[in-house]
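Protein chains: 2
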Amino acid sequence: VLANKELPDGYRQVLIGDKNQILDLLKNEHADVNDFDIVHTSEVIDMGDQPTKAISQKPDSSISVGFRLLKEEKIDAFASAGNTGAMLVGSMFSVKTIPGIIRPAIASIVPLEEGGISLILDVGVNADCKPEMLQQFAILGSLLMEHVYHIPSPKVGLMNIGEEAEKGNALTQAAHPLLKSMREINFIGNIEGRDLFHSKADVIVCDGFTGNVILKEAEGIYSLLKRRGISDPYFERWNYENYGGTPVLGVKSTVIIAHGISNAKAIKSMILLTKNVLAAKLTEKISNAFHLTVAT
Amino acid sequence: VLANKELPDGYRQVLIGDKNQILDLLKNEHADVNDFDIVHTSEVIDMGDQPTKAISQKPDSSISVGFRLLKEEKIDAFASAGNTGAMLVGSMFSVKTIPGIIRPAIASIVPLEEGGISLILDVGVNADCKPEMLQQFAILGSLLMEHVYHIPSPKVGLMNIGEEAEKGNALTQAAHPLLKSMREINFIGNIEGRDLFHSKADVIVCDGFTGNVILKEAEGIYSLLKRRGISDPYFERWNYENYGGTPVLGVKSTVIIAHGISNAKAIKSMILLTKNVLAAKLTEKISNAFHLTVAT
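Going line by line, the protein sequences match chains E and P. Take the first sequence: its position 249, counted from the start at 1, is 249 in this note's numbering, and no numbers get skipped. Take the second sequence: its position 44, counted from the start at 1, is 44 in this note's numbering, and no numbers get skipped.
Just to be clear, a hint being listed does not mean it is correct.
One copy or any two copies: either way a pair holds, since identical chains are not told apart in the list.
Claimed, not checked - Within a straight-line C-alpha distance of at most 25 Å, the following computed DMTMM-like cross-link-like pairs (lysine to aspartate or glutamate) qualify:
| no. | residue 1 | residue 2 |
| --- | --- | --- |
| 1 | Lys130 | Glu166 |
| 2 | Lys130 | Asp60 |
| 3 | Lys216 | Glu166 |
| 4 | Lys27 | Glu219 |
Treat the hints as calculated values from the structure; they're not laboratory data.
Build the full structure now, drawing on both the sequences and the hints.
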């Protein structure tokens, strides 16, 4: 309902879930039921459900139905704060990966102290990566940053454990020269953990294990600050509610995954992010970039 | 000079470096020169020097001389806040690794919100690890925690990206069952980034790439807090000055590496840590543990 007040003409929300619960909620919020389409579902994929099984065993859950509607092009984008694993499985096996892309990735926003944001990816889909995957993350992150967050020619950094090109583990050592050789991105070299929050880079690439550890450490510290009653305008920008989640980058349609603990404000951010990703034609831009990459 | 006031009888500091500078400093601090031995050196390994070359090309630097004195058993322990790489090279090639140990490791203290500390290792020596190395880090960290920090039967956690045993990347997936099978440690399962600062584990094991990223992210956030004027008794415990660095775990003698930016308080902590590691006979305990491990 909050998002609906801010969505421009031409966008319409399709609410997928238990119809009675949806109607009750809309009534409680004094919303006009005609502003929404409602698709009733009778099953629920829980947070603890095994992702691959859940989608096939619960075909009338909101996640399964959402991916079916997306595949049938009855909706243009699908966003959910439900089971992340099931959302990823649906993205890869129902929507499918864009040809040329090894694996999709998800990104997280990093608020910078001096204002603005950077992006870090992958943050969890790909625990083990080949160097060529980091190259692709660099392209995916750059396109997201440029077209959705309006940063032209985004600077790309490689998360590493030293500033020098030769530093790192086998993955980053192999990825560094590959990233440096790419003309389609603006590679600026290595980024260290201590530079994360006043990064020289707009896009930081890493394997999904490292990205997930980085993200969860920051989440842990944010909780600590809250619990200790520390309030600060910069750290307030760490609040996930402001960002609305991440697109699944590299699949054939627009899928947005939000945090499982999302409240009303976070869901509103998720819906507006979905609109921004659609308006930016991000999927098309990614397809074109990889079509060119594969062709040349 | 600060450390000397707290060192018990039977410990004597040998200061290795430019004799005139040392004498000037002792005079400025109104210290008794007879409380110290001084070994003059004429060369300096800079922070930017290439570690392997530096030790052979600057044989009269404090780091080279320190390792020589240690090898000749003229000193019992060697501590420095100099070039970390050179300290590691000296540890591995001059002091040498304890038989049975694949690679030495270094640890970092993690102050816990509820009081007390945990340890995380490796934090930088081994960017790429085999699962068997994480097993060894579990033993090294447990012995350090038990004998130097006096936590009996320390609980060991595996840094991972999910709570479930099967989660993770290829390394942590392979390491989990190996750690679980070890009777010589108290393995409690996976630890996530968000649990770092109120960890259920006393010792957290990870590869050196992950550990280094975690450490530097925390350092970056600590600097942010300072820069933003946020003061909090818990976060004050993040100050590296309190901990004095890390032993090089798994080499044949006592070597302590401190942070390159160490001030007087940090150097004092380094010297007292050196004393604690010596008093705990940590090297002997590690040798015994690996002797047993290799034998059985």
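Hint check results:
1. Lys130 - Glu166: both (17 Å within a copy, 21 Å between copies)
2. Lys130 - Asp60: neither (36 Å within a copy, 44 Å between copies)
3. Lys216 - Glu166: Between copies only: 19 Å across chains, 27 Å inside a chain, cut-off 25 Å.
4. Lys27 - Glu219: Cα proximity of Lys27 and Glu219: none, with 34 Å in one copy and 49 Å across.
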